[in-house]
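Chains X and W are the protein sequences, given in the same order. Just so you know, we're using the numbering used here here: the first sequence kicks off at 42 and counts up by one. Just so you know, we're using the numbering used here here: the second sequence kicks off at 26 and counts up by one.
None of these hints come from the bench; they were simulated from the model. Heads up, a few of these hints could be off.
What the hints assert, rightly or not - Residues of chain X placed beyond 10 Å of chain W at every Cβ, according to the derived structure: (1) 168; (2) 186; (3) 328.
Stated by the list, open to error - List of simulated lysine to aspartate or glutamate pairs, DMTMM-like, C-alpha gap at most 20 Å: (4) X:43 to X:108; (5) W:54 to X:134; (6) X:53 to W:201; (7) X:157 to X:137; (8) W:186 to X:292; (9) X:157 to X:135.
Stated by the list, open to error - A short, non-exhaustive set of chain W residues, derived as facing chain X with CB atoms under 8 Å: (10) 105; (11) 124; (12) 142; (13) 147; (14) 165; (15) 186; (16) 192; (17) 206; (18) 209.
The beta-carbon is built from N, C-alpha and C at its ideal position, and this holds for glycine as well.
Each chain, letter by letter, is given below.
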Amino acid sequence: MKYAYFPGCSLKGTGRAYEESFLAVCGALGMEVEEIPDWNCCGATAYMSVDETQALALAARNLALAERLQAGAVVAPCSGCYLELMKSKKLIEEYDDTGRHIRRAIQAGGLTYFGKIAIRHPLDVFVNDVGLEAIRSKVRQPLTGLHVAPYYGCQVVRPFATFDDQRRPTSMDRLLEAAGAAPVDFPLRTRCCGGSLTGTVTEVGLRLTYILLREATRRGADVIAACCPLCQFNLDSYQREIKRRHGGDAEIPVVYFTQLLGLALGAPADRLGLRRNISSVRPLLAAWA
Amino acid sequence: MEIIPQRMRYDSQRDPRFAQDLMGSSRCKTLTQCIQCGTCSGLCPLSAYMDLTPRRVINLARAGFKNDALSCNTIWLCASCYACAVECPKKVSITDIMYSLKRLAIREGLYPKGSPIPVLAREFSRMVRSRGRATESRLVLNLYLKTNLLKLLGMWRMGLKLITRGRFSFRAERIERVNELRTVLATATAEAGEGPVP
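Full structure from sequences and hints, please.
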């Protein structure tokens with residue numbers, strides 16, 4: 042099955058390492074992935090806060106472009122994009138008048154919106170399409186003894202939990218186990234990272250980020266694995282500032298789960314974007330790369 | 026300046042029309058189901074920083090206290106984590122209601138002045154409307170130029186780290202068929218019979 046890849050803006054910017062490691066993992070697993078040509082921004086939470094109709098149209102154009110690829114599903118690694126595309130599809134389906142407006146708008150752009158294609162997250166695709174057994178059999182360098190705090194963030198399971206338990210998701214835990222790592226019990230796995238508040242109301246945003254980092258270190262994690270570019274950015278990039286404000290009990294490497302999977306599957310560190318992390322991944326590289 | 030801060034709301038301050046319109050809209054019709062249990066406020070990781078808790082916003086909005094509901098910082102601090110919506114025992118779609126209130130606050134010009142959050146939302150949507158994609162580096166630059174120049178200067182270390190790691194885009198991202206997208210957006214607005222975005 043071919044997947045229509047929707048990168049979203051972050052994976053071409055601050056989250057480049059997510060794109061690199063995601064594609065490296067797909068390659069190692071033999072998945073066929075094609076980037077949606079001329080995709081536009083999903084709209085994110087910001088556009089929805091200003092204009093819902095246009096936000097839906099943004100998402101619908103992407104889905105219309107994806108449907109032209111004859112792919113089985115859209116795969117969106119960014120949790121924000123994943124939710125925005127899914128939520129828009131649902132609203133267009135649920136409300137006849139909204140659906141009519143959006144379909145006509147897409148038509149005016151020379152495209153057709155069918156609303157048939159599914160929207161999936163890599164966690165879902167890796168666990169349920171590729172399968173844990175297949176992944177385990179492809180592991181070349183098991184991450185034995187690596188304690189990972191699996192951090193899911195909010196939007197990958199809320200408000201829609203399509204492939205995992207809403208309150209205690211485990212798909213990332215299972216993937217990391219398949220890669221030979223030892224996930225630690227991390228009860229804050231779906232607590233909000235602060236989102237874009239780290240940039241707007243920094244004192245509030247960084248407090249939320251700090252709570253997650255501190256809890257992961259308390260739980261004995263060597264590393265936090267994220268599955269959303271905004272979560273990863275918040276947890277990875279502000280640790281110096283967090284240390285200044287809240288003290289030094291929250292220093293820990295933060296990577297994408299795809300970077301860990303990639304290492305286990307034998308992909309070279311430079312193809313996984315591991316030199317892009319700001320928190321120190323040196324011990325990780327020394328041991329596994 | 027108020028000498029005695031007003032804690033009480035008077036019936037004369039209500040705008041029944043506002044409440045009626047809000048609950049008549051498809052995204053906010055669950056407002057009526059709220060039993061004021063406060064699960065949302067207890068769960069919300071941000072309620073401690075809000076001037077009104079989510080529970081209060083729900084109650085004020087449906088009673089028609091338009092000014093309170095649209096000018097509070099609550100709706101802007103909501104980071105859309107959906108924790109409240111998922112746990113609400115009456116299935117009130119709180120996050121969607123917050124979105125509706127944000128949009129109304131922008132249309133009415135009632136968002137808290139000086140708050141960078143609505144500024145970011147508007148800058149973001151402007152950028153996407155004109156280029157089809159958001160460039161994070163430029164977005165942050167625009168935001169701080171408009172709201173807090175000092176903060177921008179304090180960000181030099183972070184900027185440097187992002188640049189050396191190839192995570193900072195100097196080029197403004199743009200889709201190829203921007204005109205096609207603009208047609209789509211303008212048609213959507215016209216089809217829905219909405220006014221232009223302020």
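Item checked: Straight-line alpha-carbon gap residue 53 of chain X to residue 201 of chain W, limit 20 Å -> holds, 16 Å
Check: Once the shortest beta carbon distance from residue 147 of chain W to chain X is found, is it less than 8 Å?
Finding: Nearest chain X Cβ about 6 Å off; hint holds.
Check: With a cut-off of 8 Å, does the beta carbon of residue 192 of chain W approach a beta carbon of chain X closely enough for the hint to hold?
Finding: Constraint on residue 192 of chain W satisfied, holds at 5 Å.
Item checked: Exclusion check [residue 186 of chain X not at the chain W interface, CB over 10 Å] -> Nearest chain W Cβ is 27 Å from residue 186 of chain X, so the label holds.
Next item on the list: Please verify that hint: residue 206 of chain W, Cβ, nearest Cβ of chain X, below 8 Å or not.
Entry: holds, 6 Å
Notebook entry, point to check: Should the label of residue 328 of chain X as a non-interface residue stand, given a Cβ cut-off of 10 Å to chain W?
Noted result: Fine: 21 Å to the nearest Cβ keeps residue 328 of chain X off the interface.
Notebook entry, point to check: Regarding the hint that residue 186 of chain W lies at the interface with chain X, is the smallest CB-CB distance below 8 Å?
Noted result: Cβ of residue 186 of chain W sits 5 Å from chain X, so the hint holds.
Notebook entry, point to check: For the pair supplied as a hint, residue 54 of chain W and residue 134 of chain X, is the alpha-carbon distance within the 20 Å limit?
Noted result: holds, 18 Å
Note to self: Min Cβ distance, residue 124 of chain W to chain X: is it shorter than 8 Å?
What the structure shows: It holds, given that the least Cβ distance between residue 124 of chain W and chain X is near 6 Å, below 8 Å.
Notebook entry, point to check: Should the interface hint for residue 165 of chain W be scored as holding, given a Cβ-Cβ cut-off of 8 Å against chain X?
Noted result: OK, holds: residue 165 of chain W within 8 Å of chain X, min 6 Å.
Notebook entry, point to check: Going straight from one Cα to the other, do residue 157 of chain X and residue 135 of chain X come out at no more than 20 Å?
Noted result: Holds, because 14 Å separates the two Cα atoms, which is no more than 20 Å.
Note to self: Given the hinted pair residue 186 of chain W and residue 292 of chain X, is their Cα-Cα distance within 20 Å?
What the structure shows: holds, 17 Å
The structure shown violates none of the earlier numbered hints.
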